[in-house]
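Participant: Protein chains in written order, with the working numbering: chain A, 1 to 335; chain B, 1 to 335; chain C, 1 to 335; chain D, 1 to 335.
No incorrect hints appear here.
Simulated DEER-style distance windows between Cβ atoms:
| # | chain 1 | residue 1 | chain 2 | residue 2 | range |
| --- | --- | --- | --- | --- | --- |
| 1 | D | E21 | B | C94 | 28 to 34 Å |
| 2 | C | C94 | A | G52 | 32 to 38 Å |
| 3 | A | P265 | D | E140 | 43 to 49 Å |
| 4 | B | D218 | A | S295 | 24 to 30 Å |
| 5 | C | D57 | D | E140 | 56 to 62 Å |
Not the full set, but computed from the structure, chain A residues with beta-carbon under 10 Å of chain C:
| # | residue |
| --- | --- |
| 6 | N96 |
| 7 | M101 |
| 8 | R104 |
| 9 | Y105 |
| 10 | R132 |
| 11 | H284 |
Calculated directly from the structure, the hints in this document are not laboratory data. The beta carbon of each residue, even a glycine, is placed where N, CA and C say it ideally should be.
The primary structure of each chain is shown beneath.
Protein chains: 4
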Amino acid sequence: MSNRAAVMTQLEEIVVEDRPEPEPGPHEAVVRVEAVGVCGSDTAYYKVGRIGDYVVDGPIILGHEVAGQVVKVGPDVTNVAVGDRVAVEPGTPCRNCRECMAGRYHLCPDLVFLATPPYDGALIEKMTIDARNLYPIPDEMTYEEGALLEPLSVGIWGCKRAGLEAGDDVLVTGAGPVGLLAAAAARALGAGSVTVTDPAEFRLELARGMGFRTERSDSPGGDGFDVLLECSGAPGVLGQAMARLRPAGRAAMIGMSKEQAIGLPLSQLNVNELTLSLVNRYNHTWPLAIELVASGRIDVAPLVTHHFPLSKSADALTLASRVTDSVKAVIHPQI
Amino acid sequence: MSNRAAVMTQLEEIVVEDRPEPEPGPHEAVVRVEAVGVCGSDTAYYKVGRIGDYVVDGPIILGHEVAGQVVKVGPDVTNVAVGDRVAVEPGTPCRNCRECMAGRYHLCPDLVFLATPPYDGALIEKMTIDARNLYPIPDEMTYEEGALLEPLSVGIWGCKRAGLEAGDDVLVTGAGPVGLLAAAAARALGAGSVTVTDPAEFRLELARGMGFRTERSDSPGGDGFDVLLECSGAPGVLGQAMARLRPAGRAAMIGMSKEQAIGLPLSQLNVNELTLSLVNRYNHTWPLAIELVASGRIDVAPLVTHHFPLSKSADALTLASRVTDSVKAVIHPQI
Amino acid sequence: MSNRAAVMTQLEEIVVEDRPEPEPGPHEAVVRVEAVGVCGSDTAYYKVGRIGDYVVDGPIILGHEVAGQVVKVGPDVTNVAVGDRVAVEPGTPCRNCRECMAGRYHLCPDLVFLATPPYDGALIEKMTIDARNLYPIPDEMTYEEGALLEPLSVGIWGCKRAGLEAGDDVLVTGAGPVGLLAAAAARALGAGSVTVTDPAEFRLELARGMGFRTERSDSPGGDGFDVLLECSGAPGVLGQAMARLRPAGRAAMIGMSKEQAIGLPLSQLNVNELTLSLVNRYNHTWPLAIELVASGRIDVAPLVTHHFPLSKSADALTLASRVTDSVKAVIHPQI
Amino acid sequence: MSNRAAVMTQLEEIVVEDRPEPEPGPHEAVVRVEAVGVCGSDTAYYKVGRIGDYVVDGPIILGHEVAGQVVKVGPDVTNVAVGDRVAVEPGTPCRNCRECMAGRYHLCPDLVFLATPPYDGALIEKMTIDARNLYPIPDEMTYEEGALLEPLSVGIWGCKRAGLEAGDDVLVTGAGPVGLLAAAAARALGAGSVTVTDPAEFRLELARGMGFRTERSDSPGGDGFDVLLECSGAPGVLGQAMARLRPAGRAAMIGMSKEQAIGLPLSQLNVNELTLSLVNRYNHTWPLAIELVASGRIDVAPLVTHHFPLSKSADALTLASRVTDSVKAVIHPQI
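With the rest of the complex left out, here is chain A (with noise of 0.2 Å):
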C-alpha cells in the first residue's frame, strides 16, 4: 500500500516520495485525494518560496484545493462516514481563543491550514485531517467540483466582507479563478449587474461564456458600480477601480496585492465615502458553496482547463502563468 506525495524539496522542484500510511486521531479522518486544484499561492511558494510572512523553510507539499474520499475515522468522529466522498475546508482552528469564540475561527492565530508552511498540504494519496473540516458532497457532484468549493469559498467570503447587498451591482477586476468564481457568487448571491475586467481575452471569453458583462482592463467603461471584488492583484488597480464605485461603495481586497503598500487616492474617494475591507480567506461558506454548485446556481466546471497526475504536479505549479489558454489546473493524486 503506497502513499506518494508531491513533495517540494527546493525551488522549483517536485519530487514524489512515499510517506507512511496515515492513522488518523480521534477527531480525524484520512482522505483519499482525489482532485486537488492549483492555487497561485501554490505557485508563489514554488517559485519564490514564500507569502509574506509564511517562508517555505524545508520540504513542503503543496496543494490546498481539496477533494476525496473518507477511507478511515478516528473514534469521536460523527459528521462523516467511510465511503463519504467529501470537500475538505483546508483550515483547522483551534476553537478556544478570542477569534475562534466570537465566530472568526478563520482568523485563529493558531490556525493550521494546508499547503501553509510549515504544514503539508494535499499533494498525496492519503491525508489525515480534522473531521470536523470535511463536508460531504452529492453524487452527482464531482471531485473536480468539490475541489473548487476553496476558491468558490474566497469568492463568496469577499461578497460577504464587502457588505453585497441584493441588487448591487458589481464590478470585478480579475478574470483569473479568483475572480470568476467570486463574480459567480456575487450573482448567486442577488448581484444587480455583475462586469468582469481583465487583460487577458481568452479570459474574458470564457467569463462571456459565464453570463457575465466583460471589459478589457485597458478600456475601462463608466461609473456606476457599488461594489468592487479587486481579484487581480495588479498595481494601482484597486483605487482606480475604487474611483469607479458610487456613493457609499464598497470594495474588497481579494486578490493578493503584489505591491508593498497600495495607494489610495483618498481626495477623490473620500467624498464618496468609501469602504475598503480587507479579506483572508474565509468563515463557514462550505454548505453554501455545496448548495450553490449542487442546485446548479453556479457552474464551477468550465474553469477546469488542464488536469495532471501527480507526477506531472511541476508541470501543473507552472502553468497558472499561461493566462491566454489556462485558468484553472487540476492534479489527481491517484493517477
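Given the structure of chain A, go ahead and fit chains B, C and D onto it with the hints provided.
Facilitator: Just chains B, C and D now, kept in the frame of chain A:
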C-alpha cells in the same frame, strides 16, 4: 378616445365607467396600462371593504400590480420617455418627512398608494402617476411579468427584513403568489435550501416545478431552518413555524394575518433567541426585481394561471379563493 | 476548613450544608464567593420549582450573579491568578458546536449554567468553575458591584439584540433590577432619551435618581420611541408598548413573560414595520460591563437595597416580591 | 440695521462688509448668528484657497460651525419659531436624488454646504438657511456649545462609519478638536477604553482632562485596539495605526489626509482582515449630539480655548496652527 375603468361601486360590484383623458403634472407620466395582477388585498377590499384601518367608503378603482407603456410625460420628467415599456411601483412618497429622509420612504405617513383607499388603482386604460415610480423593462419581458414585479418585490423585501444571509436554510409557509415569489427571491438571494409548505396540492406541485422542496402543511417535517418567511396569514402558522427555527433564527411576517392578535409561545421561542420582523410592502426593490427576472434567475411566468379582460375584473377578483387550480390572475385593461 | 452551601432541598426550603473542599480541573479555578445577587429566576425556582422546561428535581444550590476571589487554579489556567478579585460569567459553553463556532456560545445546547437545573449555583463559600468565565475587576470595584455585572450584562445584551443605535429614544417597561440596568446600558450605549415605566413609585423614584424620565405604567405618555426594552414580563405590556414605537422601531423582549403565549396586535404593528427580538441571556458582555462601571459611566450600587448572610438566603429569595421598598438583594456567603 | 459679514476677498485677507438684510424663502429661516467655530477647512480655504476639487474663485464668507437665534421664518416653516435658540446643520440636500432617497442625504451631489465654494458661510450677523437644518437647543446650552455640535457630529459619524460596537477598545490618532470630539463620541457610544495620541503635549493634557488615556505620537504603545479613528491627517499615521488593530479591526479615516495618496501596507493588514471606512461629514447627527451634550455625557466646553469678535476673524483663522496652546477658536459675529 376612451378611458374605461373598472370601478368598485359597492361591495362585490364592479362597473366599467369611462373616465376623463388623464393629463400628467410636471413630474408625472401617463401610463397605458397593459397588465394588472390581482392581489389578495384587492379581493379583500372587493369582498369585505376594508383591511385594518383602510376602509373603502366610496367608489374606488382597484389594482396595484401594474405594467404598461408611457404615452405622455410632464415637463420635468427625465427618467422615462414616451414609448417606454415600464413596470410601476405603486407607492408615491412625500420625499420630505423623517421616514423619507431616513431611506424608509415606504413608511412615509403620507404615502399615496394605488388602490389603497382613498386612492384609485390601475384597473383603467390610462392613468397618471409620478414618473419616478416607473422603471423601464427590457423588450424581452412581458407586461405580465412586469406586473408581477410587485409581488416579487414583496418577496424580496421580506427576505431583506428577515435578514436573510447567503446560505440560510429557508422555510416558506404558504404557496400563494407571495409565498412562491418569496421562495424564488430567497433562492436568488443565496439561500441554501428552500422549503415551501401549503395545504393545497396544486400549489405544492407548482412549487416543486419551480425547484423548491415542499411539504403538506398538515404533515410538517423536521426543524433546522434559519429563516422563516410566513406568507400564509393562517392562524397559528407563525408560532408553529418559528418553533422549527434554529438558534438565532429570523422570521418575517409577510402574509397579512387573519387573526386579531397573533399568539407566540414565548417560553419555547425565547431559548433560541429568535427575531420576528414585520413587513410593510417594500423599499427600492424594482431595479433588482427587473434584473432577477431579465437575467433568468427568477421565472415569474408560471404563476400566471388566468387572464381576464377589463370587463371581467369581477371574475378575476374572486378567482383567488380557488386554491385548487389558480395562483395569479392578470387583468388586461386594453382588452 | 468549611465549605458551607445554602441548598434548596425542596420548594421554599433552604438548608445550610457543608460541602467538600473543591478541587479545580485543569482549566478551572476555585472562587471564594463574596457576593451573590438574587435574581427573579432564583426566586422562581425556590417558589415554583421550574422555569419553562427547566425543572428542579433534586437538591440544588441557587445563585448565578457572582463575584469573589480566586483561591486556587488548575494547571492550564492563564487568564487569572490566585488572589485576583473576579466577576463570574455563569455560563460555560462547549466551545465546539455549531453555535459556539458561530460566535453564539450563549445559545450552545450544552451550556452549563450556574443555578439552572441540574447545575448548582454560587450560594456556597467556595466553588469551582472554568477559569475562562472569570474576569478580574479593579480594586475600586466592590464585590457587590461585581455581582451586578450579570444583570447589567442582561441589559447590555438586550440593547444589542434590540439593535439599539446611538440617538435612539428608548422606552424601558419595568423598573426592577433588569429594567433599571437595561436603561443604564441604553444610555451608556448612546441612547437619546431613556424613559422608564413601572407601577411602583419606589422604583420610579430610583429610576429618576439614576437620571431617567419616568412614567407610571397606568398612565402611559405619548408615542415616539425607537426602541423598546420590555423588562416587566407583565401580561399585555409588550403589545401595548410596541404600539408606541415609531416606524422601523425595534423591541427586545428581555423580561421573562408570565404568559403562556404573548398576544401581538399585528394589524396595528405591521404598518410601522417593527422588529421583535427575543433575548436569551448575553454574549461576551463582561469586559464592557466592567469598563462601564469602572469608568463611572454606569453606577450599579444604588440598586442594592438589601444584604443577607448565607444563613438568611431564604429571606433574600423572598424579598423580591416587596416591590415597594426593594430592588436587589445580595447574599454574602462568607458571612 | 446692519448685517456685517467677514468676507474673504483674497488669500489671507478678510474684509468686513455690510450685506443686505436677509429675507427667508418659504422653507427658510433667518438666524442671528451668535457663535461660529473655526474649522481646519476654513483655515485651508483662507490660506491655500482650495480643498481638493473645491476652489475659492471669488469673495466668500467662511464659517460652518454655527449656532444662533431664529429671528424670522418663512411661511412654510413648522419645526422652529422666532426666538428659538438653534444649532445649525450646515448642509442642505436636494431631498430628491438617489442618495437622498436612500437615507444618505450627506452624499447628495447637489448638497449646498455653508462655506464650501461657491456657497457662503456663517461669519455674518444674520443669514438665511433652510429651516429644516435648524435644531433647537436647550436654554442651558451655550451658543458656543451649540456651534461645537458640528465637529462633534463629525466625531459621532466617524464612530458610526467605523462600525463602533459597544465595548470596542478605541484608538484616536490626533488630539485636535475633531480627534477629541471623536474620542468623546466613542466613549459616549459605549466604547471600552479610549486612547488618544498626538505630538503636542498641550493637547494630550486636555485629552487626559477629558478622561482619555494618552500617548505621545512618537512613542506609540502596544496593539490591541478594535477601532481606529484617524483624525490627524498626518502622513503615514493611518497605516501605522491600522497595524495596531486586532483581527477584524475597523478604521475610519476622519482627518483629511495631507497626502495625495495614502499608502497602506496590505501584506501586514490583510491577515487581520481589517476594514477601512472613508468619512464625508455626517448624517442625521444633531439630535443625538444635542442630547449627549445636554445630558452631560459629553462636555464640549473645554475645547474652546479662544474667542474673537467678527472683526478679528483673520486672527481666529490663523490660530489653529498654534497647537501648543490652542484647540478651538470661536468667532462671535454679534460682537
